[in-house]
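Asks: Listed below are the residues making up each chain.
Number of protein chains: 2
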Amino acid sequence: MSDVALAEKAVGADDLLTPEQFEAAIRAVGAQRYHDKHVFHKMLHGGKLSKAQVQAWALNRYCYQEAVPRKDAALMARTDDRELRREWIHRLHDHDGLGDEPGGIERWLILTDGLGIDRALVVSKTAALPATRFAVEAYVRFVTEQPLTVAVASSLTELFAPSIHRERISGMLENYSFIGDDVMAYFKRRLTQAPRDADFALDYVKRHASTRAEQDACVAAVQFKCNVLWAQLDALHNAYVEGRIPPGAYVPPG
Amino acid sequence: MSDVALAEKAVGADDLLTPEQFEAAIRAVGAQRYHDKHVFHKMLHGGKLSKAQVQAWALNRYCYQEAVPRKDAALMARTDDRELRREWIHRLHDHDGLGDEPGGIERWLILTDGLGIDRALVVSKTAALPATRFAVEAYVRFVTEQPLTVAVASSLTELFAPSIHRERISGMLENYSFIGDDVMAYFKRRLTQAPRDADFALDYVKRHASTRAEQDACVAAVQFKCNVLWAQLDALHNAYVEGRIPPGAYVPPG
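Taken in order, these protein sequences are the chains called A and B. Anchor point for the first sequence: position 144 equals 144 in this note's numbering, and the numbering is continuous, going up by one each time. Anchor point for the second sequence: position 75 equals 75 in this note's numbering, and the numbering is continuous, going up by one each time.
Keep in mind that the hints were calculated from the coordinates and are not lab data. Quick caveat: nothing in here was measured; it's all calculated off a predicted structure. C-beta atoms are modelled at their ideal positions from N, C-alpha and C, and glycine is treated no differently. Possibly wrong hints are sitting among the right ones.
[Stated by the list, open to error] Computed footprint of chain A on chain B; a stretch qualifies when at least three of its residues, placed anywhere within it, have a C-beta under 8 Å from a C-beta of chain A:
1) 31-43
2) 225-239
[What the hints assert, rightly or not] Far from chain A, by Cβ distances over 12 Å, these chain B residues were calculated:
3) 14
4) 16
5) 24
6) 96
7) 180
8) 188
Please take these sequences and the hints and turn them into a complete structure.
Replies: Right, dumping it as structure tokens:
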């Protein structure tokens, strides 16, 4: 029986979940829907993609990286809780960099540089799949429009990220001759950043979701976020594995 | 040589296009990118889909139908031009109905009823592909956020709609035993509604796009809208032809 089913068995549909039940329901979403279950992810990590396909992945995924500090700024713009902003701001530092630290987006561009993709094209986002941009911007809107606790909850896919990053580092270094240690810097840094962020956000939603309806909305937010990630891999698979590249989208040089 | 190339040859990149050149550039987008070129569209109209696949199409496409009056209301909310609102409001009448006229969304639900899909499930939108909803909501946001003339331009895919609707009516009636005259009522009505709307919007953007940059933004708006439509068919093809239905999405009974 899944964690969700266990939690549902233990309490009625309107009863407040205990913190443990609530956390189990959130983690169960990842076990079922996180994008490490996607066929494109498995191909990426298993060395089954061509360089052209890895290029398309990195160019598209840049749009997601680029959107993250915007959604974090959107979240900070919505709260008068200074302590929350003081904690959340380090996500902006992580992605945009601060002072001498270039940040995660710059590290992503070192990855796309390493793959031989024109940096101006990556940054323009014009060659990304429309479906990538629709999904990514849906995430920014979600954080802008949903109740604050639910918006925080949508970040909780980071609970599931460290294992995917570890897999990615070893899988990609091992399987692709065109990927070296230097270009994997993004994922190495995220191994320590993501757990810190996820622990804070998980604690926050546990403390602030005070009704069952709010708890359910937080669980649904994690589902929504999994959909955002999954839809990006669906679009990549459709375009660059099945070969149905939509009009105007990136055609890798190979 | 394409219409766009002709237009670009005739004038410099910064020169204002003549109304004829501007219209040609808009129409060229449809010739290249409208979703009647998509493989799923061809399968749909050519009788190559199973009933289950047509069900999935109708359930997902409902999300688009449902969003249209919201984007039209968003557009009306942005203008102090009463004459524009007086014209535009009939799009809301067409979709939502007025008085005894039930409107296009109700006609769409007669289509989904006829296909045997539970109406409450359709209306809930919960079983639609996430990618469908991301694309559709991107359209609503576009109309909410872009300059008014550009927002109007994004409706101009209706220039290309009558032929697709004619094809759809004949193709679907001919090829699917489970589709009758009554359930095609939506498309029959659109044969007269879409051209009226498109003529007005085309005239509007021709009169209001007063710089080359605005004209280019209008052409890009039609490209954007084509992407919104294309991404929906990509997602349907991926899920219901290739069989990679994302977690939580509609599984047709067949």
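Asks: Any hints this thing doesn't respect? Which numbers, in order?
Replies: none
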